[in-house]
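*Asks:* Sequence:
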Amino acid sequence: MFEIAPCTEKHQAYSKLGSIQRNVQCELEGLRKMLHIQEQAAASMSNPAPTPPLLPTGQYAKALDKQEWDSTPHACPRPFRSRMLFQEHESVDPAAARCEAMLQQAERSADVLHESLESEAKELVHVREAMEVKWRGIAHQQADEIRDLKKAVAEKDKAIELLRNGLRQALQLALVHEEDLVTRSNATLRRNEELQKLATAAHETNQLLMTQVHILRRALEDQRATALDQREKEEQWRGMVEAQNRQLHDRLTQESQAKADMQATLVSVLQHNAPPMPPAHENVDAVRATPIFAPKLQLNKQPPSSIPSHPALHPQASAHGGTSIKNQFTTATVPSWK
0 MFEIAPCTEK HQAYSKLGSI QRNVQCELEG LRKMLHIQEQ AAASMSNPAP TPPLLPTGQY
60 AKALDKQEWD STPHACPRPF RSRMLFQEHE SVDPAAARCE AMLQQAERSA DVLHESLESE
120 AKELVHVREA MEVKWRGIAH QQADEIRDLK KAVAEKDKAI ELLRNGLRQA LQLALVHEED
180 LVTRSNATLR RNEELQKLAT AAHETNQLLM TQVHILRRAL EDQRATALDQ REKEEQWRGM
240 VEAQNRQLHD RLTQESQAKA DMQATLVSVL QHNAPPMPPA HENVDAVRAT PIFAPKLQLN
300 KQPPSSIPSH PALHPQASAH GGTSIKNQFT TATVPSWK
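Each residue of the sequence shown is one higher than the one before, counting from 0 in numbering that gives the first Met the number 0.
Careful: at least some of the hints might be erroneous.
Unchecked claim - Subject to a maximum C-alpha distance of 25 Å in a straight line, what follows is the list of computed PhoX-like cross-link-like pairs (lysine-lysine):
#, residue 1, residue 2
1, 133, 15
2, 133, 121
3, 149, 133
4, 15, 149
Derived from the structure by calculation, the hints contain no laboratory data. Fair warning: this is a prediction, and the values are worked out from it, not measured in the lab.
Full structure from sequences and hints, please.
*Replies:* Structure (structure tokens):
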């Protein structure tokens, strides 16, 4: 979106110049210290050993090697002419001369650095102008983008306002729905309480019904036990009655047999004592008036009433109020079982 490369190049150029200046200052400080040390050594020693001149190292030494300096004072830069002329007319200490030469070389390197700095400054001016042009374009582009962004922000604000209105409506609907839910929940709670009461009443009713069922079951079991006992007793009574019925049947059979024997005896007695047949001229009424059981011969001329009669020989008399023998075994009563 934004061009950052020119800014980085400018920053690199400034950092490069700053590092060069720091290196030059460090070398100058080192040369001053060496000069001071050599002066102290020359003062302490009468014949000091010649030392080679100290030259800058690195890229600055290469820059000095590329420069072609003339030995004439006119070829040297202006700061060095007075010194060289002074060296020609006056005799100087060799150590001081060496230090002076080193200083001259340092000044030359400083001039070279100054020229390089000027060229770098010109390049930086051109870079600055290009950067200003670029920044103007970027500013215009940013202004357009800001304008577009403002339009987008306005549209977004409108959309946000619409969303806020929608949220307000949704919140109102949610509040209404929440009130409805609270009302329904309260009604549900009341219904639950009523259902709980009904459940409690139903549980109590079930307990009562279960108690009654247990009581009825116990009563039914008691009735079953009583019915079983009664059935057993009825079976015992039925056995006893059947035994009595068999006994009575046997006795009845015996009585019937005795009765049949008595009837046979009676028939034989009647046949033995049968009256004679009446004559043909007698009246029928007289025959009817003649008793059936009249004796054939009346030896003692006794009336018929004086003849001893057996109760078994007079069935009519016994039937009309005479003396009769009752069968005590025929009057037995049999209980009726339902």
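*Asks:* For each hint, tell me whether it holds in the structure or not.
*Replies:* Comparing the hints with the structure gives:
1. For the suggested pair residue 133 and residue 15, the alpha carbons sit about 23 Å apart, so the restraint of at most 25 Å is met.
2. Taking the CA atoms of residue 133 and residue 121, the gap is about 18 Å. The hint holds against a cut of 25 Å.
3. Between residue 149 and residue 133 the alpha-carbon distance is near 23 Å, which keeps this suggested pair within the 25 Å criterion.
4. Distance check on the hinted pair: residue 15 and residue 149 sit about 41 Å apart at the alpha-carbon level, beyond 25 Å; violated.
Against the hints set out earlier in the document, a violation occurs for number 4 only.
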